[in-house]
Amino acid sequence: MSETNRAYDKVLAARNSSRPMGGYFIERMIDNFVELHGDRRFGDDAAIIGGIGYLNQRPVTIIAMERGGTIEERIKRNFGCPTPEGYRKALRLMKEAEKFRRPVICLIGSSGAYCGIDAEERGQGEAIAENLYEMMTLKTPIISVVVGEGGSGGALALGVCDTAVMLENSIYSVISPEGCASILWKDSTKAPEAAEALKLTSRDLLERHVIEKIIKENNRTTDEIISELKNFITLEIKRKERLSTDALLEERYKKFRKIGA
Amino acid sequence: MGIFDFLKKSNAPASKTCKTCGTETDYARLINNYMICPQCGKYMRMGAYERINMMVDEGSFNEIDRSLKSVDPIGFPGYSEKIENAKRASGLPEGVVCGTAKISGCKTAVFAMDSHFMMGSMGSVVGEKITRLFEKATKDGLPVVGFTTSGGARMQEGIISLMQMAKTSGAVKRHSDAGLLYITVLTDPTTGGVTASFAMLGDIIIAEPKALIGFAGARVIEQTTGQKLPEGFQRAEFLMEHGFVDIIEDRRRLKYTVANLLKLHGYSSVRKLR
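As they're listed, the protein sequences go chains A and B.
Final position of the first sequence in the working numbering is 261; the numbers increase by one with none missing.
Final position of the second sequence in the working numbering is 274; the numbers increase by one with none missing.
Hints are supplied without guarantee of correctness; some may be wrong.
Straight-line Cα separation of at most 25 Å, SDA-like style, residue types lysine to any residue; simulated pairs [said to hold, decoys possible]:
(1) B:Lys263 to B:Ile247
(2) B:Lys136 to A:Thr245
(3) B:Lys87 to A:Trp185
(4) B:Lys173 to A:Glu250
(5) B:Lys263 to B:Glu135
(6) B:Lys173 to A:Phe100
(7) A:Lys258 to B:Phe76
In case anyone wonders, no lab produced these hints; they're calculated from the structure.
Using the sequences and the hints given, assemble the complete structure.
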């Protein structure tokens, strides 16, 4: 198989409709999960599920993108593309977690922020910017995991964190390969070449120190994958909680500060 | 080298033609008219040095980090050549110019993006320069006044350019936590990853009349949703109506308004009140 096919195969795998999404991980990783709704401003975005539960007996806040299984559910969840209300709900729950000194886990898997007239009217750009800004100094550990397609700014809005993790076959990119190919080469069928050029696989991101950990997927059952993810997050939270708040925030700042310096 | 010298030396044309009404106007006359078409009143897009020249006290601008050059962090096909072409065509080293200056006597950190360099897109150099400027302003207790114009994140730098959104937003947060003022002036066009990071994070957000400001591209929205876009969609006035812009200001009054805001926040031409 050629290099070109390899990166694009990951893109297709990350988007595959049978691939587990946020809700599935919450169900299998978190005990006594209580879902909390709404941004207290305008509405409740079903593309983002948020709430509190136990991770290995430790209370955590978990926020996950979810596109839904059935067609009805997908429509309700807007195919997993969050609106500004979704990002504002996420930030509200993170602030609540900060207040009660609870760590935050973010699960990322979406083709991107919802693009529509209403999303622009309600400040999609401002909502994403606000999350990046506030998450950088949120006084509690944040662990972000890309479980599917990490699509651009809409993914990054849950991606400012202390430890960034990717499942082996997930992707994380500044633009979709189709979008890139159609802008650059006026030909969206060149998406496989664009996928290769964009360096969007988990291995690419680990090599460039954008993420800290890959959870292996190949030749493993879903249970094995989730079990490793759960244990990794638990240990990582313990490690981060040993730091003073100042040290935690300094490390978080530096983690992003050094990218592209 | 002063900005006037730079404007003369750079490949500024003898005249410019308005894209709206087609009138050709002498460049020197346009500069004196704030790059507004004297015939139809259209706001022409300004280069970074033109903008700084218009906004700061004469001779007060000290550029920093001019020599930061783009690398090709993910080995993207054709990117190195594209950078070279952009440098030649624009006479600029990158898509943003940063420095310190005085605005009506108030010392400030200033950045101005330039759409003539790869549509003002944000790659690692733009992200790094903005971050360094905010860090310097935080250290020196300076306000930041920034002029945005950008097509968004620079896709030729892949994930590295996406991460500049987080990096710059973090630097803005630290500046804000130090109690310092940040004024953004959104100019035509400000879109994508720049809108979704430092452009929308000002304490005070000013926009130029009719400037295109948004996150998703209008054509993409139309294609994805099949909806017809309303008149004036994603223009400065639309953003103000929806509560995302504080002030829409005439370009000819911009310097006065910014200076007034700086003074209202305690920044003074005489001494630091902070």
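Which hint numbers does the structure go against, in order from smallest to largest?
Structure breaks no hint.
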